[in-house]
Amino acid sequence: MTPPLWQMLLVMAAASLFCRLAGYVAMRFLPPSNRLDAALKATPLAVMAGITAQALAAGGLTEALALAAAIGLTVVTRSDVGAAVAGVGVAASLRALGL
Amino acid sequence: MRAPFTWAGFRRGFRVGLALGTAIFIYGVAFGLVAAQAGLGWGWALAISGTVFSGSAQLAAMSLIPAGEATLWTLAATVLVINARYLLFGATIQPWLSKAGPMRAYASLLLIGDANWIATMRAAEKGEEDRAYLAGTGVPLNAAWLAGTLVGVLFGGILPDPRALGADLMLPCFAAAMMAAMVRSRAALVPVAVGAAAALLVTRLAGNGWGIIAAGLAGAAVAALTARPGVLR
Chain R
1 MTPPLWQMLL VMAAASLFCR LAGYVAMRFL PPSNRLDAAL KATPLAVMAG ITAQALAAGG
61 LTEALALAAA IGLTVVTRSD VGAAVAGVGV AASLRALGL
Chain P
1 MRAPFTWAGF RRGFRVGLAL GTAIFIYGVA FGLVAAQAGL GWGWALAISG TVFSGSAQLA
61 AMSLIPAGEA TLWTLAATVL VINARYLLFG ATIQPWLSKA GPMRAYASLL LIGDANWIAT
121 MRAAEKGEED RAYLAGTGVP LNAAWLAGTL VGVLFGGILP DPRALGADLM LPCFAAAMMA
181 AMVRSRAALV PVAVGAAAAL LVTRLAGNGW GIIAAGLAGA AVAALTARPG VLR
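Chains as they are written, first to last, in the numbering used here: chain R, 1 to 99; chain P, 1 to 233.
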């Protein structure tokens, strides 16, 4: 028995809102410390590395070349956004070629 | 003292959001198609995309409906589990975003997602002072997500292949590029290695969502344990 749509919408919206706000709110109750500061600084890098590693593990040569292009072009050009878009372009081009 | 919150900062974020928007639009089309197949009209699909605003969670929730497994509990649990990584996003952005003041901060948080969290953390690390940056990245993403949803519900049959356009690699390429830009010392390679290893291990056991959470928590734990103890400043 599927519940009415408006109830489903409300529950999903509330769950999503909770996830967006709870981590932020919880931070107000944590005492500042060097360890917390270091943890917060390291988390984005670890998550970025995790997303990259997942894509590498799930993909093949095309995906590896696209990610290598994104990283390599960032190091060379210092433009991370441009390098990321170029990486997507590499993937689209290689797939168009049938790789 | 409050941090700046101006149109100039909004526009800087907006430009990055536009670069991400194409891929988000394509995934919005995919969600719209799945929502239509689950029997939802365009109004409901838009309402879900506008309030939930999370591709992975919405797609998982939609898969429950035709399977006859959609109860309020399973829907809530699905969204909570898949969006649990947002807890990390909110916590890590708090020291920077809280300087905008509560109203602006909470409003900006409504627009946070994987890609623009990454972009904003990178911008903050680079010295972005304007807290409107996050909302700037979020508005084009939200607009692309809603537009994609509408197109998917109405014209799902002409769905472009996300793989052919490379849309599946937009988030990984952004993550990889911004990671490369943020690694400026050998010490920064520690969270990179720990995060990648944790993600690979946990993704195999529990899927992509938990893999990301494991990466963040493992990187945070190693950094906390190796930091010098003491009260900050």
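Read the hints as simulated data drawn from the structure, not as lab findings. As the structure is a computational prediction, the values presented were derived from the model and not from experiment. A few of these clues could be false.
Straight-line C-alpha distance at most 20 Å; calculated EDC-like pairs for lysine to aspartate or glutamate [unchecked claim]:
hint, chain 1, residue 1, chain 2, residue 2
1, P, Lys99, P, Glu129
2, P, Lys99, R, Asp37
3, R, Lys41, P, Glu125
4, R, Lys41, P, Asp130
If you want a taste of the chain R side facing chain P, the calculated C-beta under 8 Å gives, among others [to be verified]:
hint, residue
5, Arg20
6, Asn34
7, Ala53
8, Gly60
9, Ala64
10, Asp80
11, Gly98
For every residue, glycine included, the Cβ atom is placed at its ideal position computed from N, Cα and C.
So, going through the hints one by one against the coordinates:
| no. | hint | in the structure |
| --- | --- | --- |
| 1 | P/Lys99 with P/Glu129 | holds, 10 Å |
| 2 | P/Lys99 with R/Asp37 | holds, 16 Å |
| 3 | R/Lys41 with P/Glu125 | holds, 9 Å |
| 4 | R/Lys41 with P/Asp130 | holds, 19 Å |
| 5 | Arg20 | holds, 5 Å |
| 6 | Asn34 | holds, 5 Å |
| 7 | Ala53 | holds, 4 Å |
| 8 | Gly60 | violated, 12 Å |
| 9 | Ala64 | violated, 11 Å |
| 10 | Asp80 | holds, 4 Å |
| 11 | Gly98 | violated, 11 Å |
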